[in-house]
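There are 2 protein chains.
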Amino acid sequence: MSTTTELTNWQSVHDEVLRRIHTREWKPGDQIPKEVELAEELGCARATVNRALRELAAEGFLDRRRKAGTRVATHPVRRARLDIPVIRLEIEGRGQKYTYGLLLSERRSPPPEICANLGVTSDSDMLHITSLHLADGKPYMFEERWVSVAATPEIVDADLSKISANEWLVLHAPYTKGDISFSAVLASENEAKILRTQKNEPLFLIERTTWEGEKGITSARLVFAPGYRMHTAL
Amino acid sequence: MSTTTELTNWQSVHDEVLRRIHTREWKPGDQIPKEVELAEELGCARATVNRALRELAAEGFLDRRRKAGTRVATHPVRRARLDIPVIRLEIEGRGQKYTYGLLLSERRSPPPEICANLGVTSDSDMLHITSLHLADGKPYMFEERWVSVAATPEIVDADLSKISANEWLVLHAPYTKGDISFSAVLASENEAKILRTQKNEPLFLIERTTWEGEKGITSARLVFAPGYRMHTAL
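Respectively, the protein sequence lines represent chains R and X.
Numbering (full-length UniProt numbering) for the first sequence: 1 to 234.
Numbering (full-length UniProt numbering) for the second sequence: 1 to 234.
Calculated directly from the structure, the hints in this document are not laboratory data.
There may be inaccurate statements among the hints.
One copy or two, either will do: identical chains are not told apart, so a pair holds if it fits within one copy or between any two.
In the EDC-like style, the derived pairs of lysine to aspartate or glutamate whose C-alpha atoms are separated by at most 16 Å in a straight line are [to be verified]: (1) K177 x E59; (2) K177 x D15; (3) K177 x E40.
Bear in mind the structure is a predicted one, so any value in this text is a computation, not a measurement.
Looking at chain R on its own, in the form it has when it is part of the complex (with noise of 0.2 Å):
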């Protein structure tokens, strides 16, 4: 074979296509050449080739149909990971102490937005938590969360005053789906006294939902004291 350059993992193909790219020799829209055919020019396995592209539809610079082939993305969606440790990790992350207090444990049935979150009846047995973690002392975030009895049995045995319901439900209750919203809002008083801070102050807000297949498990509404980032890479 006679080839310029060989290319053996799929990272070294995965730089090459990209490069290809960004210089617009291929150009958005473009069909790429077949794998078989890319593999013979690089001088690499079609497996390789096969890995690379895979990784660039993932990171959105490619778009792959069973049919039409493979094609540089006219309009690349850029995907960025969010990594979402428990809160006690992300401030020790930070090179923080972390300290948690637990504000309220009551068991009750839920209000109709956390029915309608959850998939759960209006009657059914939950625990309703509040909680405030913080950092080097300072409040840090304002948990409030709803967490189904009947999906999660032993979390009313749990001592949620030494481990936070984020912690246990992680370690106890893994979950097969969930989402998660990101949106601002201003600090309501309650929030405000809690977190130590001005009423009205914008307040960075993340509400996430989880699942066990189709029982719902825990409904969470994380505020966070002002000033909080949230950061990564693209």
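Please build the complex by placing chain X on the supplied structure of chain R, with the hints as guidance.
Coordinates of chain X only, in the frame set by chain R:
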């Protein structure tokens, strides 16, 4: 071979491993069997097991260490994928009509925070652009952006009253790395006026900076109208 199940594709191996983690047959911190052993047990190729375990590691369920083997993650970091389309497609994807107004386009040297963001000097040739993106005629997002003319000289010939800098850059200046952050801010007087809202409304802010190699391309501040929610699956 006497196997009870025959899992021939990686997705079913993935689901079987996840089932064992969820039922705590394999507990957090446990070392899981070797790939060859799993392949034999499940009646599939080792490559199939490898693909499934890589996926589960990417999803945060497994920790894979070259020497220490593969363990069930003790603190699973859940990873969410954020799709970041150009703003026109985000609005059209909601079934709304997209319009766009260029408010300002001027060539000037950048302020200190932009120099720091992009790693450019204060005498750099930059394009400073502000624009408003509308959905069904209502303000959706106010964009303030700095673009390095040295990194993307062609942008000075683009008609940014017809195509947004956001979309032009996606098509003409692909980037190799970037970062993105999300926070909550109060609307300034100017932002409130442009977004046709009240001063001191809580607004969702996205800040993005992108590079091609070590060359800073653009730094943008995107402020969304009240009520904006960013949403993704877990």
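Hints and how they fare:
1. K177 x E59: between (22 Å within a copy, 12 Å between copies)
2. K177 x D15: between (33 Å within a copy, 13 Å between copies)
3. K177 x E40: neither (41 Å within a copy, 29 Å between copies)
Going down the numbered hints, you'll see the structure goes against just number 3.
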